[in-house]
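Asker: Protein chains in written order, with numbering that gives the first Met the number 0: chain A, 0 to 417; chain B, 0 to 624.
One should not assume that every hint holds.
[What the hints assert, rightly or not] Residues from chain A that face chain B, not an exhaustive set, calculated with beta carbons under 7 Å:
#1 Ala222
#2 Met225
#3 Thr294
#4 Gly297
#5 Gly322
#6 Gly326
[Stated by the list, open to error] List time: in silico BS3-like cross-link candidates among lysine-lysine, alpha-carbon distance up to 25 Å:
#7 A:Lys292 to B:Lys305
#8 B:Lys218 to A:Lys203
#9 A:Lys169 to A:Lys8
#10 B:Lys559 to A:Lys169
#11 B:Lys559 to B:Lys516
#12 B:Lys210 to B:Lys155
#13 B:Lys52 to B:Lys559
#14 A:Lys383 to B:Lys210
#15 A:Lys331 to B:Lys155
#16 B:Lys12 to B:Lys615
[What the hints assert, rightly or not] Label pairs and their calculated CB-CB ranges:
#17 B:Glu586 to A:Lys270: 40 to 50 Å
#18 A:Leu366 to B:Arg157: 27 to 37 Å
#19 B:Glu610 to A:Asn290: 51 to 61 Å
#20 A:Phe134 to B:Arg531: 50 to 60 Å
#21 B:Glu282 to A:Lys292: 15 to 25 Å
#22 B:Glu574 to A:Glu268: 55 to 65 Å
#23 A:Gly187 to B:Gly596: 43 to 53 Å
#24 B:Glu574 to A:Met137: 28 to 38 Å
#25 A:Lys292 to B:Glu574: 26 to 36 Å
#26 A:Lys292 to B:Lys218: 52 to 62 Å
#27 A:Glu268 to B:Glu282: 35 to 45 Å
#28 B:Arg22 to A:Glu349: 51 to 61 Å
#29 B:Ala419 to A:Gly314: 56 to 66 Å
FYI, nobody ran anything at the bench for these hints, they're computed from the structure.
Just so we're clear, the structure is a prediction, and the values are computed from it rather than from any experiment.
Glycine included, each C-beta is placed from N, C-alpha and C at the ideal position.
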Amino acid sequence: MEVSLMVGKELRLSRILDPEDGRAVVVAADHGFMLGPIPGADRLADTLRRVIAGKPDAVLLSPGQAINMHDLFLGRDKPAILIRVDWTSAFRDRTYPLPARTVAFSLSCTPRKAVKLGAQGIVSYFFVGYEDEEFEAMQYEMLARLSRECDEIGLPFVVEPVPMGPRVTKANRTDLIVMSVRMATEIGADMLKVPYTGDPESFKRVVDTAYGTPVLILGGYRALTMKDMLEVIEEALEVGARGVVFGRNVIQSPDPARTLEAIRAIVHEGKSVRDVVLGGIKGRMRLVVDNSKCTGCGICEMICSFMHEGFVDAGLARLRVEGSWPGPFSIKVCIQCTKCVNACPTGALERDEKLGYIKVDSSKCTLCGECVEVCPNQVIILNKAKPHVLICDLCGGLPECVYWCPRDAIRVMEVRAG
Amino acid sequence: MSEVMGDRGYMGKILHVELPSMRVHTEALTEDIAYHFLGGKGLGAYLLFKMLKPKTPPLSPDNVLIFATGPLTGTIAPTGNRFCVVTKSPATGTFDDSHCGGPFGIALKRAGYDALVIRGAADELSILVIDEDHVDLASAKDLAGMFTYDAEREIKSRLGRDFEVAVIGPAGERMAPIAGIFSALRAAGRGGTGAVMGSKKLKAVAVRGHKPIKVYDPKRFRRFAWIAHRMVRMHESTARHLPRYGSANILETINEMGALPTRNYRSGVFERAEEVAGERWRETLWIRDVACKGCPIACSKVAYVKEGPFKGTIVDGPDYETIWALGPQCGISSREAIARANQLCDLYGIDTISTGNIIAFIMECYERGILTEDELDGLRPMWGDGEVMVKLVEKIGKGEGIGGLLQQGVRRIAEYLIKAKGAEECLFFAMHVKGLELPAYEPRAAQGMGLGYATSDRGACHLRGWTAGQELLGYGGAVDPLTTKGKAQLVIDRQNEKAVVDSVGICFYAFQAFTLKEIRNMLVSCTGLSYRNNRELYVTGERIYNLTRLFNVREGFTAKDDSLPERLLKEPAPEGPAKGHVVRLEEMLKEYYALRGWDENGIPTKEKLEELGLSKFLDISMIVH
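Work out the full structure, taking the sequences as your base and the hints as a guide.
Answerer: And the structure:
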């Protein structure tokens, strides 16, 4: 009896892409055999335990890891296994011993062996843009072979296009990704692992080119802050990406389970970055700072004034960075002590019931300056050109300073009413 | 008449100050000029070309000193804080643009000006005070000889803390061609900008303003600025290496590639590189990350020496170039000595790259017996001796004893040695191009860098055609460093792109993370300028680079000046991955001129200039036929 080849693929894919929403959170932990013991991959069993606690849909492993650490995956509620079937020197950049001079490449595992190891799918690179077109052809031939073999045994085939080589420039990178995505789908990829192209417009081109083949975005180097990473995911999902394959952003995180929880919230639970950054704060909140992280860049002051006034003027910002070279710096924000409310002779100031910030009633403010006098952090702005004093309004719920601070030195915390 | 650019990225005005008369006038910045030259380097080049009479001596009152900002300066664009100093360089006699971060450029714009143009010279050492519409000259006689930082602090305490100040140190007052202009611990260091300011008898320019820097479409601008910020915050270099290890993060890799010039460029391999790499600095002397305004990277570090002979040294940095120049280039691996020398350079107001090169050159002269202990004030400058290096920096800073000669830069020292002692041999290892000392990438191990040094518009500069990213570090597509194939186009692309970056008012480091597309998106939403595609922006970069070339051609520079020190052309690299290689400049240069649309003498053709629209703005008939 002839069995449809697609049955196996479909079942296995459903172990990766959640059938409920068609999306996946995959963690890549296959760096070790290409990059050596990078942080997070050096004590991988420990890291993997913490990763699995965060409930990813699948984990990408090298063949050796799949053998050595299979016990971590025993059980019904454990993530699916994807196996990397190739090996390359290409990513061994200058921070590693013997940085790669050219892209060397070989297969490390066959699809059949991957199935033996319990894989629900395999992953292979696809390099484009290398000077040697023979190399590209060789790669494409190999992809064709893997695709054929996967079809024979009903194993999902994930292709990861990588623009790399001397002919890749900043300017043509997106075009090369689009082209290679097309080439990969044409040869039978069941899923794609693709770098984010930077903005939603260009990434929509990638997703459209894939023509229904699920596209997962990869993380690459660890971002400066978690919210940058989450925002990229949110944006990619909006234009049709089906999830993520994140490595270093997860395994190098101080708390992989928490990071995964945040990623899952975006991918599977439909939460916004804003929800996640606010950490579920519903009611009153205020800003809290960690001065040890501040570099004095003043981006908080700049974006505060820009969002409220339409131009940059630190003097009109509702928070302030104090200190000068060589530091340290300290960030002064409104702590909602309400001393100003009590001091105001005209009753122009009151606490906003919902968010907790200090509201200014423009019609009552006489610019007398009593509030400025009592403000312990000196963050009430009295400017003669303005009709009333300026006080932090938490940007109506998602403070821009929290969003833009590149070092996470400003966060929000919940304030219990009363 | 094209519309004036005001209230949209630009302030719409250029302030002209004539010394000593203090005749002041403003010139409108029109949309036409803004479109074609952007700001910063481009605007400065346009103004300098237009205003400066050919062959004007750089240190004469007739030279023009320009402080120019870009349309993104003072906005929420990542690293939108840059200004540049444009003038005719006393070190090279060429065009010079030297760039600087910090709050000064923002203050200049908030005072209402996109650029400040100074001509003539004051009668005595003075401070030019710009308080929006009030432009004054204040005496600085009592500040003579004062260190840069002290002078800056003193001026701020006199005028008000909301003034931002650009100053020169004692070396600038003496018009040493290695002197820079300093502001808020940053420097427009290269090419002798400080000497030009000294020749105008200006100790400082102090600026204050409260005008808003408005943008054309705030909503779109916020979005595009955020996308650029986020790319910076997620890129390998700008999110991972630079924030932790500063620009010195690359030092060990550069060394492994055989491209870390060592002992006056004798070798590209320094045996103790790990001692001075960013990682070691972070473990030992660095105590804090500090950022320029609006910069998410914070590549800058504070170094503090807690013990030893240089105890108490506190300095902003050192950065990669400085570590190299005062370190491996002199065979030195003492971090404490490098930090101290960096501090001295900053205080006296001199360029660290040139200073390190001068000392390395002296070390080689001493080793070869061209200079003796007696002639060097009793000092014995041996490779690797940090204490002697620091003493020499101090002498150069003060211009005392042998320092009087050394402060003139490698080219003039070599000329002197040939004239006074017939030491013709020192030409071979005098490491400069057109009079500007070489930076920290060994071009025998990165051929593109060699072509970049030779064709840079201000002499040997790594920041005109920075091909090292691709040749040595693998950023934005790795290329083989040892081949010359394709290097001409690579250098041209980097030079043109960099001219755009240097003109819009952002930092080159941020640009590692994004492309001309992100710049265009920010530029258009900030200014409303009609850039329809990235190509147009690239062409503007090309226009600016051709303009600076044209300036140099007008000053008499031709293909014969686009060369490299003989050592790099004749002496094969002795070790490392580039062993046996010299710079094959000739073959690259020919291709470079052809691709540039320049004739074999290196002069832009009339067709090229017309294609770029330059003939429309400037009288080029005298130069190009």
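Asker: Of all the hints numbered above, which does this structure not satisfy? Sort the numbers upward.
Answerer: Violated hints: 2, 5, 9, 10, 11, 17, 20, 25, 26; rest satisfied.
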